[in-house]
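In the order they appear, the protein sequences are chains A and B.
Throughout the first sequence, residue numbering follows our numbering, covering 22 to 177 in sequence.
Throughout the second sequence, residue numbering follows our numbering, covering 2 to 308 in sequence.
Keep in mind that the hints are not guaranteed to be accurate.
[Claimed, not checked] Non-contacting residues of chain A with respect to chain B, defined by C-beta distances greater than 12 Å in every case (computed):
1. Gly61
2. Arg87
3. Gln91
4. Glu111
5. Ile164
[Stated by the list, open to error] Here are some chain A residues pointing at chain B (derived, C-beta under 10 Å):
6. Lys33
7. Ser60
8. Arg166
[Unchecked claim] Across the chosen pairs, the derived CB separations fall in these ranges:
9. B:Tyr97 with A:Arg166: 40 to 46 Å
10. B:Asp177 with A:Glu116: 52 to 58 Å
11. A:Glu124 with B:Ser302: 46 to 52 Å
12. B:Tyr196 with A:Gly59: 36 to 42 Å
13. A:Asp142 with B:Asp119: 40 to 46 Å
If you are wondering where the hints come from, they were derived from the structure by calculation, not from laboratory data.
Computed from a predicted structure; not experimentally measured.
Note that beta-carbon positions come from the ideal geometry of N, C-alpha and C, so glycine has one too.
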Amino acid sequence: MSDTDRELRVSKIRNGTVIDHLAAGQALNVLALLGIDGSGGESVSIGMNVPSDKLAKKDIVKVEDRELSQSEVDVLAVIAPEATINIVREYEVVEKKRIDRPESVDGVLSCPNRNCITNADEPIHTRFSVLEDALRCDYCGEIVREEEVPTRLDVA
Amino acid sequence: MRQDHLISATQLSRADIEAVLDRAAEIDADPSALNGRHEGAILGLCFFEPSTRTRMSFDTAMKRLGGRTIDMGSVESSSVKKGETLADTMRVLEGYADALVLRHPSEGSAKMATEFVDVPLVNAGDGAGQHPTQTLLDLYTMRQNVGLDDVTVGIMGDLKYGRTVHSLAAALTNFDTRQHFISPESLRLPRSVRYDLHESGAQVREHTALEEVLSELDILYVTRIQRERFPDENEYLKVAGEYQIDAEDLEAAKDSLTVMHPLPRVDEIAPDVDQTEHATYFEQAHNGVPVRMALLDMLLSEEGDDR
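In isolation and in its complexed conformation, chain A is listed as follows (with noise of 0.2 Å):
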């Protein structure tokens, strides 16, 4: 069976954004990462532990009508830096993203010290210095392990 066969299992998009190569696991950190849960009406196909040769097992998100913005993939780099991301046009890829792991990730995540700056009703987004293994908050200090990552998203 060719990887393609594979894919297929995951129907087809015809407009949107494909996120392939995710760790097995890491495709509902992914929905939460694009704030999807389904009350959006966005049409969302998931592969979990899809075989993969290159990663044995794989999960899939296909999103309908959805192309990532920078801030979500730079998000997308820390939580799943071996994530491949392809915006679909027309059933066709018209762009192959290959992510790589950001020196901060900005506004996307929320602070968890609740008595940083940032969580208080000030006219400043969110700013998190990437370091080795965990991001760190550039306003107080806090650090937040790479595991702790999708509990913090903040998007919409």
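Position chain B against the provided structure of chain A, taking the given hints into account.
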């Protein structure tokens, strides 16, 4: 040092620290040396939570430099009470002053404020975050008494929420020091401070009992165990007495031990310690003026304007 803002002790190099302390020592030696040097300059004192020593020592320092201070007063009497954001308050006040001093209950508040002002801004305490000018006067006091290299420092009390502790721990990594942290398990250093200490390669050990390390110490820096931080009063009562010292306790210490405290103290240092050669906390508080004079002088001076 020529920096626009002082937000965290982590931004201070050894050279920065020594420059401030050296200038402070010059001021101490000749208190009139900088008289009138900043005549006409205005320092804005923005204290969003109570302060006695920090506010008054900044006030005194600025006046001794020939400048003046303006004070936003209590939060209750300011526009903050009407719901104004900190960002807006700072944007307004920068138009009134040549430099600003900010104390605020939220961590990261001073860092955020620097994004809205162009005048130099000094963090005078941001929640449980940082208090870098306290650290500068702490280091000045240490240098006067035991030096800053080849010394063993014990820091005891509320290490989790103590901003003076977080700043001091970071600054000490610039020197050849051994740091011992003594606290209840529930008030150990926060993860972010541990991270910085680890990254700096600092020599650090943690303890729950002062007795484990007292005899090794050159400096014992005591902070208040903050009763209000404990979710369970019984948990506080279990540990509170463990972190109080009196003159008898200090008999096990080196004769040269210097006992410091950022003040105010409640019951963590018994009054009988005041009468011993160990007590340095009032001298430490007094050092706030020359150190803040030195810092303000450097922040308010134009680049290259070295007197």
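Verification of the hints:
Every CB of chain B is more than 12 Å from the CB of Gly61 of chain A (nearest about 31 Å), matching its label as outside the interface. Listed as outside the interface, Arg87 of chain A is consistent with that label: its C-beta sits roughly 32 Å from the nearest C-beta of chain B, beyond the 12 Å cut-off. Separation of Gln91 of chain A from chain B is adequate, the least Cβ-Cβ distance of about 21 Å exceeding the 12 Å criterion. No beta-carbon of chain B is positioned within 12 Å of the beta-carbon of Glu111 of chain A; the least distance is around 43 Å.
Remark: the non-interface label on Ile164 of chain A conflicts with the geometry, its nearest Cβ contact in chain B lying 5 Å away (cut-off 12 Å). Contact between Lys33 of chain A and chain B, as hinted, is not supported at the beta carbon level, the nearest pair being about 45 Å apart and thus beyond 10 Å. For Ser60 of chain A, the suggested interface contact is broken, since its CB lies about 31 Å from the closest CB of chain B, more than 10 Å. At about 9 Å, the closest approach between the beta carbon of Arg166 of chain A and any beta carbon in chain B falls short of 10 Å, and the interface hint on this residue holds.
At roughly 43 Å, the beta carbons of Tyr97 of chain B and Arg166 of chain A sit within the given window of 40 to 46 Å. The hinted range of 52 to 58 Å is satisfied by Asp177 of chain B and Glu116 of chain A, whose Cβ atoms lie roughly 54 Å apart. In this structure, Glu124 of chain A and Ser302 of chain B break the distance hint of 46 to 52 Å, their C-beta atoms being roughly 33 Å apart. Separation of Tyr196 of chain B from Gly59 of chain A is about 38 Å and conforms to the stated range, judged on CB atoms against 36 to 42 Å.
Between Asp142 of chain A and Asp119 of chain B the beta carbon distance is about 24 Å. The supplied range of 40 to 46 Å is therefore violated.
Hints 5, 6, 7, 11, 13 from the earlier list are contradicted by this structure; the remaining hints agree with it.
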